[in-house]
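**Student:** Starting from the known structure of chain A, fit chain B onto it as the hints suggest.
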Amino acid sequence: MPRVEAAEWVGGPPVRDSDAVAALIPMVRRIVAARVADVTAAEDLVQETLARVLAASGRVEPGMLEPYAIATARNVVATAWREQDRQRRNQHRVVDLTAPDLPEGGLLAEEERSAVAAALARLSERDRQALIAHEVSGRDTRSLAAELGSTAGAVAAQLHRARARLRVEYLLARDRTEPPTDRCRPVLFALSSGDRRRQREVDAGRHLLECDVCAALGQPLLERAPQRDDEVRIPIGGDADVVAARQAARELAGRLDCFSPTDLTLLATAVSEVTRNIVKFAGSGEVVVEVLDEPRRGVQVTARDAGPGIPDVERALQDGYSTYAGLGLGLPGARRLMDEFAIASEVGRGTTVTMTRWCGDR
Amino acid sequence: MTGPRLVSILRQGSYLIASIHTALDDTEMTAFQHDLVERIGRDRARGVVIDVAALDVLDSFASWTLRTIGEVARLRGAVTVVVGIQPEVAFAMVALGMDTGSVRTALDLEEGLAFLDRVVGPRRPATATRGGPA
Numbered sequence: 001m002p003r004v005e006a007a008e009w010v011g012g013p014p015v016r017d018s019d020a021v022a023a024l025i026p027m028v029r030r031i032v033a034a035r036v037a038d039v040t041a042a043e044d045l046v047q048e049t050l051a052r053v054l055a056a057s058g059r060v061e062p063g064m065l066e067p068y069a070i071a072t073a074r075n076v077v078a079t080a081w082r083e084q085d086r087q088r089r090n091q092h093r094v095v096d097l098t099a100p101d102l103p104e105g106g107l108l109a110e111e112e113r114s115a116v117a118a119a120l121a122r123l124s125e126r127d128r129q130a131l132i133a134h135e136v137s138g139r140d141t142r143s144l145a146a147e148l149g150s151t152a153g154a155v156a157a158q159l160h161r162a163r164a165r166l167r168v169e170y171l172l173a174r175d176r177t178e179p180p181t182d183r184c185r186p187v188l189f190a191l192s193s194g195d196r197r198r199q200r201e202v203d204a205g206r207h208l209l210e211c212d213v214c215a216a217l218g219q220p221l222l223e224r225a226p227q228r229d230d231e232v233r234i235p236i237g238g239d240a241d242v243v244a245a246r247q248a249a250r251e252l253a254g255r256l257d258c259f260s261p262t263d264l265t266l267l268a269t270a271v272s273e274v275t276r277n278i279v280k281f282a283g284s285g286e287v288v289v290e291v292l293d294e295p296r297r298g299v300q301v302t303a304r305d306a307g308p309g310i311p312d313v314e315r316a317l318q319d320g321y322s323t324y325a326g327l328g329l330g331l332p333g334a335r336r337l338m339d340e341f342a343i344a345s346e347v348g349r350g351t352t353v354t355m356t357r358w359c360g361d362r
Numbered sequence: 001m002t003g004p005r006l007v008s009i010l011r012q013g014s015y016l017i018a019s020i021h022t023a024l025d026d027t028e029m030t031a032f033q034h035d036l037v038e039r040i041g042r043d044r045a046r047g048v049v050i051d052v053a054a055l056d057v058l059d060s061f062a063s064w065t066l067r068t069i070g071e072v073a074r075l076r077g078a079v080t081v082v083v084g085i086q087p088e089v090a091f092a093m094v095a096l097g098m099d100t101g102s103v104r105t106a107l108d109l110e111e112g113l114a115f116l117d118r119v120v121g122p123r124r125p126a127t128a129t130r131g132g133p134a
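Sequence lines, in order, name chains A and B. full-length UniProt numbering numbers the first residue of the first sequence as 1 and each following residue consecutively. full-length UniProt numbering numbers the first residue of the second sequence as 1 and each following residue consecutively.
Pulled out of the complex, with its shape left as it was, chain A reads as follows:
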């Protein structure tokens, strides 16, 4: 057999000076796992502990490395708890209040105050008073409820809504923007309150693609929402995002443990097809992959764009219909690969493909 005329490069010999620390890994894992339930969070903390122990290994006497690692692991976990608690308490705030002092700090603080004041002025009298009583005067929901002849739960819900509205009005006041359409405020409010059902009702995803003002304002609101591990959102802007979208879909669906490798490949292929359509015809858009629990467990993919739309959807779903170099299998192919497939398109407004693959049988 002829010789292959190029050789693959092989990495150098492994470094061996971290053996003592490596031996501590199982013990550190046990300590952290006993305190932190979330597997990925625990693994992060394990790695952080090991990094600290490794950094200190030169300073610690050989026999003391194990107790040192135990103490470090406990400290790392305690710090993570404190941080988590702080974040939970401050979650409803849009602004990071611990921003460092800057020369222009005074000016910014002044703008900040006027924006908050303007935002407060836009709330209803009832919401404003409840918020001020709770956030500024520190009244608890129970005493507020007693005063209003309501329940603590209802007051908490009212405060939640009022905060969501305040965040929207604050962002509008800060940027001195008036929303360009009637739909902007409801969409921003739905984003701000983190209410996914409401977001669907007002079709927030589509509006954010259409409205640049809301897309910009919505960013901090979306980032505020706790990172969901049953949903990924991939902005689509070019070829590389086709690969990113299908890999994200495979990754999310793979975590459900109900899809075979073949199912995952079928899903990834379908995502690839619909995402490519966004790039080819609309230029940009987004793909959202989410885990469904109702009516059954499965994975739903929503691919939307604000592009030119498809004039003849029926025809686009037929095999062999293609307006670009391909085999015209994009949409009909994706439909065959999924259990549910729906397409809504409006010329001049854009296209939304929603497709689902259910767990289990098939």
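Incorrect hints may appear among the rest.
[Unchecked claim] Which stretches of chain B does chain A cover? Using the computed rule of at least three CB atoms under 8 Å from a CB of chain A, they are:
no. : segment
1   : 14-26
2   : 46-59
3   : 71-77
4   : 86-92
If you're looking for bench data, these hints aren't it; they were derived computationally from the structure. Positions of the beta carbon are idealized from the N, C-alpha and C atoms, including for glycine.
**Tutor:** Just chain B, lined up with the frame of chain A:
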């Protein structure tokens, strides 16, 4: 391009062995197509093996590109064989209604080279040009 190589095109005798190492987007896939077709002429290759074992998805565009490479290579006087299509990928291609058209396929690199030896006939390694990474 920086970072690890996405594809490699190695010369072995009168054959080219093109391996795709990672998922390629459409632009990269098209660049790969151009590089490979260009190498067929430069290296006077008579057979081409495209190894897609590392790909977890062969969607309509990727399949179409492989077909195009095969057709263009044929017009340039080389036989193309695609090897290493993973079982899940094969299922997906069937479900999608995709095919590699007139391009031959083989299970793995060994089978692919054996196929080329049968069709093209083994030949002494050429010495005019030296193969290297594309």
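**Student:** Give a verdict on every hint.
**Tutor:** Here is how each hint holds up against the structure:
1. 14-26: holds (count 5)
2. 46-59: That given contact holds, which follows from 4 residues of the segment 46-59 of chain B lying within Cβ reach (below 8 Å) of chain A.
3. 71-77: The restraint on the segment 71-77 of chain B is violated, since only 0 of its residues have a Cβ under 8 Å from chain A and three are required.
4. 86-92: holds (count 6)
Hint 3 from the earlier list is the only one contradicted by this structure; the remaining hints agree with it.
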